[in-house]
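This is what each chain is made of:
Number of protein chains: 2
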Amino acid sequence: MKEQTVPYKIHLAENEIPRRWYNLRADMKEKPEPILNPATKKPITREELLPLFCEECVDQELNETDPFIDIPAEILDFYKMYRPSPLVRAYCLEEALETPAKIYYKFEGGNTSGSHKLNSAAAQAWYAKKQGITRLTTETGAGQWGTALSMACGYFGIDLDVYMVKVSSEQKPYRKAVMETFGARVIPSPSDTTAAGRKILSDNPGTGGSLGCAISEAVEAAMSAGNCRYVLGSVLNHVVLHQSVIGLESKTAMEKYGEYPDIVIGCAGGGSNLGGLMAPFMRDRLRGERNPYFIAVEPASCPSLTRGRYAYDHGDTAGITPLMKMYTLGSRFIPSPNHAGGLRYHGMSSILSKLYHDGLIDEARTAGQTSVFEAATLFAKYEGTLPAPESAHAIKAAVDEAVKCRETGEAKTILFGLTGTGYFDMAAYMSYKSGQMTDYIPTDEDLEAGFAGLL
Amino acid sequence: MKEQTVPYKIHLAENEIPRRWYNLRADMKEKPEPILNPATKKPITREELLPLFCEECVDQELNETDPFIDIPAEILDFYKMYRPSPLVRAYCLEEALETPAKIYYKFEGGNTSGSHKLNSAAAQAWYAKKQGITRLTTETGAGQWGTALSMACGYFGIDLDVYMVKVSSEQKPYRKAVMETFGARVIPSPSDTTAAGRKILSDNPGTGGSLGCAISEAVEAAMSAGNCRYVLGSVLNHVVLHQSVIGLESKTAMEKYGEYPDIVIGCAGGGSNLGGLMAPFMRDRLRGERNPYFIAVEPASCPSLTRGRYAYDHGDTAGITPLMKMYTLGSRFIPSPNHAGGLRYHGMSSILSKLYHDGLIDEARTAGQTSVFEAATLFAKYEGTLPAPESAHAIKAAVDEAVKCRETGEAKTILFGLTGTGYFDMAAYMSYKSGQMTDYIPTDEDLEAGFAGLL
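For the record, the sequence lines run as chains V and H. Using the working numbering, the first residue of the first sequence is number 3, and each one after it goes up by one. Using the working numbering, the first residue of the second sequence is number 3, and each one after it goes up by one.
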């Protein structure tokens with residue numbers, strides 16, 4: 003084992019939890035394109051967003067000027083239940099890989115939701131409560147976001163309806179059970195409780211649903227009920243903002259030991275995890291102070307950054323949600339059933355899309371799921387944590403970079419986001435272990451079909 | 003919320019992980035009764051134990067004199083992967099209960115095995131490796147111990163056969179998948195791979211197995227193979243020794259803030275968790291320095307301390323294992339299918355049994371599983387961690403004590419062990435949530451049938 007220069011796990015003190023989120027857009031010279039009203043195709047206004055989202059979230063969504071935004075005391079109190087999260091030095095993995103690289107990972111899976119999603123769930127639930135909202139709706143695919151929001155709503159005493167992609171709710175009854183334990187109502191989507199759901203059911207009888215479809219239902223349910231709002235767990239600007247706690251804590255922890263990443267790696271589904279992890283490091287780059295290398299990793303089955311188009315698109319299937327300019331496979335693209343449900347989304351945060359388009363995120367790469375589970379199994383063995391399939395995309399890239407260092411002899415410092423745990427993904431691990439797992443790679447024709455639905 | 007006097011989570015530094023385990027027996031004036039050889043009924047010798055257990059474990063098992071035993075560097079390195087574990091001040095639960103009590107819990111579930119079991123698994127796997135043992139056998143019921151040992155064996159490169167109670171392996175395929183991910187071989191018990199298994203299968207066709215039966219098989223498999231040993235995850239003296247890290251860290255963390263528990267609460271199955279948690283506090287009592295009140299909580303369905311006999315008994319069904327004097331329901335007692343599989347064991351650590359017999363553990367109480375899941379659900383909502391059903395027995399007692407404080411106005415300091423998480427117990431949560439859960443309480447006749455098998 004290498005000489006130990008930092009602890010295996012760096013725990014910040016409670017008073018080192020960030021007091022402010024960092025708003026990446028404030029430091030971007032080229033801002034992301036504005037959100038458009040789907041009806042008028044003009045930039046959407048605060049007033050137009052207020053019926054859909056909580057007021058504070060709308061203001062954060064549109065805020066391009068304030069670099070730092072205070073975290074309210076009530077949210078900080080909630081964060082204290084599970085933050086600061088540990089930054090871990092992967093000594094054992096480094097030894098197994100015989101690499102001179104120094105590998106760090108920020109572990110966000112140490113709470114019951116099993117992922118980083120709780121960072122935004124806590125914020126959005128509190129803002130709803132503050133505004134007097136008594137009910138929220140959302141969608142969930144793999145179930146991490148739904149679980150996180152269930153926890154936050156249970157804690158703050160808000161009713162919650164979760165539209166869960168039907169095929170996921172059937173494959174993962176235990177995820178549903180966790181949400182119900184925290185008091186949420188879980189509705190398999192498409193359902194007959196919304197017009198959007200009924201239309202999808204009538205057009206596609208027997209469909210297992212999709213995230214885009216569940217979003218349509220959750221949005222419609224929120225808009226048609228009194229004192230109710232919709233919340234989303236990724237993609238949106240204010241979600242990326244909330245997730246900046248991941249990066250801010252990581253940077254503080256590394257600075258304590260004189261460390262700074264040469265490479266920052268995150269898996270990218272909707273983009274909130276990578277956006278949050280890289281935020282303060284990207285700030286350094288935007289200000290010309292440091293120049294780390296940023297890598298986004300996405301599943302080969304849903305390659306929005308690597309094979310998508312940079313275009314205006316809806317976030318949902320039914321076309322109810324505002325239009326955002328982003329890398330997208332088209333809101334009608336139905337990704338194949340990859341096991342990393344949290345990365346199975348056709349679009350990408352407009353912030354990350356802009357940064358990638360402008361070359362500020364250096365690289366996006368894909369990984370096939372069998373190679374991802376190989377990396378996950380290796381990581382579990384040497385680091386003792388069973389990762390979520392989503393997180394394992396970042397592990398795969400970190401391992402590859404560390405192996406490159408072994409070959410070149412460079413002792414690079416690698417930081418990646420370990421977003422969550424895989425306790426509810428054992429069916430996927432069983433599939434990998436039994437050799438039954440296959441890689442899904444969409445053909446060019448599959449992609450063209452998705453692009454055909456673009457505006 | 004009460005004024006915050008300590009952090010929500012107290013994280014010790016890595017160099018505060020205990021360097022030595024504490025051996026409770028060294029300070030007991032009245033020692034536990036000796037272990038007997040089942041053939042001769044005479045105190046068992048070191049030599050007689052060596053074919054069964056690793057050498058270092060045998061020495062620890064028989065050591066009644068050394069109060070502190072050094073933790074080898076290799077085990078400390080393993081501990082650094084997931085220790086120190088946090089000591090949590092349950093501010094949110096206190097507020098929900100409106101209690102003046104101060105509630106602390108030591109959370110041992112933050113590793114992939116999901117429980118405290120890893121503390122002894124790491125030690126036993128390392129001692130095996132050190133001795134040149136290449137294969138280990140064990141049994142598992144709920145799966146926490148099997149998972150912990152799979153992790154430790156995967157890390158140290160030792161082959162592992164886990165005899166998993168058949169009904170558990172069928173109910174919990176995902177637990178099995180986790181163990182296999184870490185490289186273990188999982189054999190549903192009873193199996194046709196051992197004489198003990200074949201006999202049980204022939205006597206009870208269609209049986210779902212039991213922990214006692216799985217122990218018989220694992221012991222036989224270890225004894226009949228070369229360079230192989232058997233390891234057990236609870237009950238034994240050396241396991242209680244390894245678990246003392248729980249209590250030692252808890253005491254150090256509390257001392258930092260001038261705190262000391264008035265009440266120490268642990269769930270008790272085989273006894274290693276409660277034994278480990280209370281160890282340094284019991285030391286204070288044995289030395290006449292402090293006088294905390296100790297409570298053991300067991301399931302109403304398997305009440306070894308509260309309704310068992312203090313007698314010599316086997317640890318397994320087939321009667322292969324050494325005899326220990328302990329509170330027991332009889333090794334032939336088959337507990338009803340309570341959801342807290344980790345507490346479904348007929349006997350109890352001989353150390354804890356002796357302490358309870360001598361009045362040094364003040365109280366043992368039972369809890370029915372519906373009340374336990376009620377406490378678990380409350381805890382999840384306010385503390386954000388979904389507890390294992392086993393751990394929830396301690397939660398139930400802690401909540402009851404805190405409610406008593408509300409009634410008397412006393413601000414007692416309560417410490418309990420939150421041994422693990424319930425991510426693999428969602429079927430049980432679903433049963434509770436749906437109102438299908440029933441309490442199993444053995445009748446006096448059930449118990450007499452178990453006692454009839456005692457020596």
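Hints listed in this document are in silico derivations from the structure and should not be mistaken for laboratory results. Be aware that one or more of the hints could be misleading.
For chains that are exact copies, the list does not tell them apart, and a pair is met inside one copy or across any two.
[To be verified] Straight-line C-alpha distance at most 25 Å; calculated DSS-like pairs for lysine-lysine: (1) K82 x K4; (2) K414 x K82; (3) K31 x K383; (4) K201 x K82.
Results of checking the hints against the structure:
1. For a Cα distance limit of 25 Å, the shortest separation of K82 from K4 across copies, 14 Å, qualifies, whereas the shortest one inside one copy, 33 Å, does not.
2. In this homomeric assembly, K414 and K82 come within 25 Å of each other (Cα to Cα) only across copies, at 23 Å, whereas the closest approach inside a single copy is 32 Å.
3. In the homo-oligomer, the alpha carbons of K31 and K383 never lie at most 25 Å apart, since the shortest distance is 44 Å inside one protomer and 43 Å across protomers.
4. Taking the shortest alpha-carbon separations for K201 and K82, neither the intra-copy value of 43 Å nor the inter-copy value of 54 Å comes in at or below 25 Å.
In the structure shown, a violation is registered for the earlier hints numbered 3, 4, in ascending order.
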